[in-house]
Structure formats: structure tokens, C-alpha cells
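Residue numbers (the working numbering), protein chains in the order written: chain H, 1 to 281; chain V, 282 to 735.
Keep in mind that the hints were calculated from the coordinates and are not lab data.
There could be a bad hint or two in this list.
Below, a sample of chain H positions facing chain V; criterion: calculated Cβ distance under 7 Å [claimed, not checked]:
#1 Ala18
#2 Val20
#3 Ser42
#4 Val66
#5 Gly67
#6 Ala68
#7 Glu71
#8 Glu79
#9 Ala82
#10 Pro90
#11 Gly224
#12 Lys256
#13 Met258
Derived DSBU-like pairs (lysine-lysine); straight-line CA-CA distance at most 30 Å [as the list claims (entries may be wrong)]:
#14 H:Lys233 / V:Lys677
#15 H:Lys235 / V:Lys383
#16 V:Lys286 / V:Lys419
#17 V:Lys597 / H:Lys262
#18 V:Lys468 / V:Lys302
#19 H:Lys3 / V:Lys302
#20 V:Lys302 / H:Lys26
#21 H:Lys248 / V:Lys604
#22 V:Lys473 / H:Lys3
#23 H:Lys168 / H:Lys26
#24 V:Lys558 / H:Lys266
#25 V:Lys286 / H:Lys26
#26 V:Lys690 / H:Lys235
#27 V:Lys597 / V:Lys473
#28 H:Lys233 / V:Lys517
#29 H:Lys26 / V:Lys383
#30 H:Lys103 / V:Lys439
#31 H:Lys256 / V:Lys386
#32 H:Lys262 / H:Lys8
Heads up, the beta-carbon is just placed ideally off N, CA and C, and yes, glycines get one too.
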Amino acid sequence: MYKVLYNKRISSNSFEMAVVAPLVIKRAIPGQFVIVMAREDSERIPLTIYDYDKEQGILYLIYQVVGASTEELTYAKDEIFAVAGPLGNPNEICLHPEEYKDKRIVYVAGGVGIAPVYPQVKYLKEHGINVDVIYGSRSEDLLLIRDKIEQVANKITYATDDGSYGIKGFVTNVLEEHIHDYDLCVTIGPVIMMKNVCELTKKYNVRTIVSMNPLMVDGSGMCGACRCEVDGKPKFACIHGPEFDGHKINFDLALKRMNVYKEEEKVKWQEMKERLSKEVI
Amino acid sequence: MNDEKVRGRVQAPEERITNFKEVELGYNDEEALKEANRCLQCPNPRCVKGCPVNIAIPEFIKGIKEGDLKRAYEVITRSSSLPAVCGRVCPQEKQCEAMCVKGIKGDAISIGSLERYVADQAILNNYASTTNVHKNGKRVAVVGSGPAGLTCAGDLAKNGYDVTIYEVLHKAGGVLTYGIPEFRLPKSIVQKEVDSLKKLGVEIKTDVPVGNAITIPELQDEYDAVFVGSGAGLPKFMGIPGEDANGVFSANEILTRINLMGAYQDSSKTPIKRVKKAYIIGGGNVAMDAVRSLKRLGIETHLMYRRSEEELPARKMEVGHAKEEGIIFDLLTNPVRILTNENNDVVGMEVVNMILGEPGEDGRRSVTQDDNSLHTVDCDMVVMALGTSPNHEALKESNMVLTERGLIKTEEEKTKTSLDNVYAGGDAVTGAATVILAMEAGKKAAKEIMESLS
């Protein structure tokens, strides 16, 4: 069991959670992820590390409610059953910041994708690399942790589909306008957004790193549920990733593979809502 | 003379395909005694030589004959840390029972069933030794809580060492927990074995990916010795077109969802596809476990293997059980392409017939494709059970020397690795093998560690 310090709603569909997990974050470097289980009989769900306090041993997570298991996680107020990590490989820039001192880097985040982007931008700032951030969502209320990302980004540009905050349009509109300012792009968010960003950066020949978040079970290289096609070959996001060269990812396949358990998940979510409503009463 | 072995009771096939309860029900007292009395108590027993951990088999059987099950249990546990597990999953027909003299002209003694009987009675009656161990103050880290790690930890703890096991999953047991299904090895049995280690003072830290959260060099600094039993978990795929379709899974994924996450129960929060027709590709024990698990979910299940029945690497008993359960065996057949619809869902496979050739260097008969036999089969799930290989996640930052095959290299006939005070055993060293061989390696490593630290 891991002690939960808080688990609070930060938007209509997102939550921020603080968990005491010193061994998980002791050696963590941004780009890695964890697997959490709300209860002993819960599903294992992969979540990216949003922030950490190594001295206090506190891990911070941001997650979006997208199904039964994330819904269940919102009810964990005092403790959660499991937090395994850090898993996967660190972001390559954070791992070797000295090699990227001269690069002009832009981070492009979409929706809850700001959660894994934030610790990278923060870490790079601490290591003397200032990067720009383009952050988009459907509307203003879905833009998360604005105050925090503004503290660490060199320059931040917002884009919303409905124009309720920042520029009206997509992150790709903003990126295309400034594409010549950058040598390297990191993009994290919905698969369709990462796909669009990569199509754009490929056109302008700007190297792009993406962070894949496919279905996973164990997260330790054992099941292969998370396999992605990279450069025509299957790679496991959990141990070979989660970050890959975005120009080599087969995004159409990744989009389709997200639907493997779509029907089953719909049923489980409905069951979960009924169960939780009874438990609360 | 009528000297047939006493056959243990099993759940009837038509009943057991509707549940995940254990298939083999085990001997009752009367059956065990009858079978034990068949043992000739050879003065120079061959069966012991057939056992990888050399259990004093006639001696424990004598305990059963004389009604002293506690002594029988003590005899077994002198050599084996996980008797309730081994009694169930060891390939006895290739080991101890294959050597039994009674097997020359008739039925060998059912040593595995007798071992299981003793171990189950021990659990039921709480025979576990509670002798106080004098702690020697030396500390050993064990990476992985599968059969190798559990055995190594148990032997060290019994000899006064402080042992900490690091496990990446949320439950201990490794393949015993995520891999072997409930109907072959009830998880309550695994839990009992794990609990008995805890009673010996072994600490188990779950959720810890060694290599990421803590590295082997860090463990070398913190402990007097390290044992790496990280297994062979990385599933192999065929590399044929369509393998990334929705509905193509590794056997590991299917088994992990079912065993570790309990997805066969409606109440489980982890989903599993309840399809109509599944093909499991492969012929080993893992393939049998996967195909029989899916059968229990009400799926029409086929096992597709490129060689013939004779070459199936799985235990004969498992093959027999699978047949009784209505698994359809499509032998001498191999997929060459997986067919999908526009959503990338599996809708079938293109398969070819295979022709057996002469035995190759490894003794296995070669197979070639009959190019004129291409045909299609319908299905909505394909499960690859082609074996696994070790991944090297746990070894990050360690400079561990590996073999050409990517296995951990150990000194000849030893478990000592290229790193100071680091030992390794089980599938991480041998490639995917059996539970008992992993246990044997765990025992050997514990012995070497004790010799080097004394």
C-alpha cells in the first residue's frame, strides 16, 4: 500500500494525485512512467510521471478519466495498492542534456499530454536548456497546470480548438508558423495530434520525438500488448520506449490498436459506475 | 499380477471446461497409501538420480507407507523448497518416474502425485518447520520472485541469511503466478509457499523494477551477495504479415490477464477478449496453458503446431488433458499471414501444411513448407506461444557479461556471474526451461553464496 496525500479534480475530466513512493522516484528521470493499481483487484494502468519531490519521496501524477480503471482511481483518497516504477527509458534529452545545449527545442503538448511534458521542460531548465512549449486542447477548461508550465517554459503559446484561450486553432498551426525556429521537437498528447505534428515536422525535416501510450499489462516487457511499429518493426513501448523517433512510427496502426478492448472497456466502465455509486451510498 | 498405478481423480472434462478449478484432484489417504505401497524401496534408487534436486524419493515414500507424513515432508523439503508446486508441474515422466524400475515392465510409481499429496497434507496440517534460525547478519538480495529466486531465498533464509527479494509485479511467484493457470497450479498454493518464506523472515519488495528503481551495482554495494533470477519473459513473435492486428496476442499476455489479473472472472476489472474462435500457435506447455485457458472462456480453440503430435514439446499429460477438453489439434500446419478487416481486427489466417524431414543436429526433425498447400482458416484471435527470451531490463548499468544468445554468462558448472558477488540462475541463464531446473539453479546459487560468504 502507498499513502495518497491528495487526489483532486483539476478539470472536468482530469485529476492530480500525490503518492508517497520514494523508491519509485529515487532514480526517476523525466520520460519514464509508472504503473498503478487502485486496489488489489484493479487493472494495472500506466501513467506518466508528472512531477516528483525526491527529498520527500513524493510522486505526483496527473490522469484523465477515460474508463473504468481511471474512474476507480479517483476514489482512492488514502492509499493505493500498487505503484511500480520507474518503467521505460528516460527522455533522451533529459538523459544527456549536455549534448543538446546548442539545439533549439520545442515541446508540443496536447490535453493531458502536458503532464509528461512538464517534468521534462522543468528538468531541462534546471540543466541550462530553455525550451519553448506549444500547448493545445479543445477549450480553455481542459488546459491544465498553466501556472506551473509557465514557470519553466522559455516561451509558451496556447491553442484551443474553440478559441476560448490563446490562438484559435491547432498546435500544428502554431508550430508551422514557427517551424524554422527549431531543430528538434518533442510531442506528447493524443495519438492523432502526435501524428499530425509528425507529418508537419517531417515535411520540414525537423527531428521529432514522440511518447507512445498504448495498452499495457505488466509494463516490464512481458506481454507485448504495447507493441508499436517503429521503422517497420515491432517494438515494445514499455521497455524499448515509451519515446520513439516520431517519423518512424506507424500512427495509423497505433490508432487502431488502441481499440482492441474498446467494447469490453465500455461494459466494464458501466459496471464500475454502478458499483461505485452503490459503495458511495 | 495386477500392478497398475493408482490414478488420481480428475475433474470430468465436460465439467472442468466450464471452470478454472484444479483439474487433478490429487490422492486421498487411501489412494496415496496404495500407491506408496507399490514402491519397491530400491536400495540403490534410480529415481533419485532422475530428480534435478535429488529428493530422497524412496525415503519420503517410506514415510507415507508408515503413516508418518511429517517425516515424509521433512525428507522432501531437505531438497525442495516448493514441493506443492513441483508435485504439480514437474515433468516427472521425463525425470524421476522415467528412471523408476517399475516403469520398465509396467507403470512407474506416481512420484509426482505422491509428492503433491505429502505437500498438500503439510499445508493442511501446518507441518512447516518453525525452527528458530540463528541469524548470521549477512544480507543477500534476490532479483525476481519466480521459482529460482524463491528457492534461493528459502535456502539462504533457512541458513540464517537476511534475504530481500525484489519483484517487478505486484504479486510474488513469477511464472508460477502470472504464467501457469489456476487449473494446473492453484494460486492459493503459490501464496502458501510465498507465505512460508515470509515466515522464515524473507522480505519481498513488490513493484520494484530492478535496473530502473535500483540497479545491480547498487545492490552489490548494499548486500553481501546478489542472486539474479529474472527469468525469460520477453515473448517471441513470428514476424509474419498481420501480426500487429487487433486480436493477435502473445501467450504471455493472455495468461497474464487470466492468471495474474483474474480476467476469467466477470468481476475482474482487467478485460479479456471473449471471441468465437482462437488459434494458439505453438506446441509447448505454455501453448497448452493458453489454449486450455481460452477453452474455459467458451471459445472454440485450436492448437496449431508445425510438427506432428510426436514432436509436441508439451508434457504428454497436458496434451492428453487438452484433447479430453475438446481442443482441436491442427498439426503439421503453420500460419504465413494473418488476415484482417478494415479495423485491423483478425478475421483469419493463411496457413500452409508442413512436411517433416530428418532429425537435425539438435535431434528435432526439420520441417519444410508445402508450397502448394496454402489455404485460409477463419478465426478472430491468434495467440503466439512460440517461446520467450530474457530481456535485460534488470541488468541495466551492470556490465553483466552475456552469452552470444543473450543469456547471463556464468562460470562453468557454477551460478557465479562475471560480476563480483553476483550469481544467476533459471531461465535468465538457460533460456526458457522448467520450474524444477530454475529451482535447481536457485539451490546451487544459495550453496555457492554460502560457501563464498562463510
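Check whether the Cα positions of V:Lys468 and V:Lys302 lie no farther apart than 30 Å.
holds, 10 Å
Go through the hint on H:Ala68 and say holds or violated, using the shortest Cβ distance to chain V against 7 Å.
holds, 6 Å
Agreement of H:Lys26 and V:Lys383 with the hint, judged by alpha carbon distance not exceeding 30 Å:
With Cα atoms ~59 Å apart, H:Lys26 and V:Lys383 exceed 30 Å; violated.
Run the distance test for H:Lys233 versus V:Lys517: straight-line Cα separation, threshold 30 Å.
Satisfied, since the Cα-Cα distance of roughly 13 Å is no more than 30 Å.
Pair hint H:Lys262 and H:Lys8, alpha-carbon separation not exceeding 30 Å:
holds, 27 Å
Given the hinted pair V:Lys690 and H:Lys235, is their Cα-Cα distance within 30 Å?
Status holds; Cα separation ~26 Å.
Given the hint that H:Lys233 pairs with V:Lys677, does the C-alpha gap stay at or below 30 Å?
Roughly 23 Å between the alpha carbons, so the hint for H:Lys233 and V:Lys677 holds.
Would the hint on H:Ser42 be counted as holding, given a Cβ-Cβ threshold of 7 Å to chain V?
holds, 5 Å
Min Cβ distance, H:Ala82 to chain V: is it shorter than 7 Å?
holds, 4 Å
Please work out if V:Lys286 and V:Lys419 have their alpha carbons no farther apart than 30 Å.
violated, 47 Å
Does H:Gly224 pass the interface hint, meaning its C-beta sits closer than 7 Å to a C-beta of chain V?
Because about 4 Å separates H:Gly224 from the closest Cβ in chain V, which is inside the 7 Å limit, the hint holds.
Run the distance test for V:Lys597 versus V:Lys473: straight-line Cα separation, threshold 30 Å.
Holds, because 28 Å separates the two Cα atoms, which is no more than 30 Å.
In terms of the numbered hints stated before, the structure departs from hints 1, 2, 4, 5, 7, 8, 10, 13, 15, 16, 17, 19, 20, 21, 23, 25, 29, 30 and 31, listed from lowest to highest.
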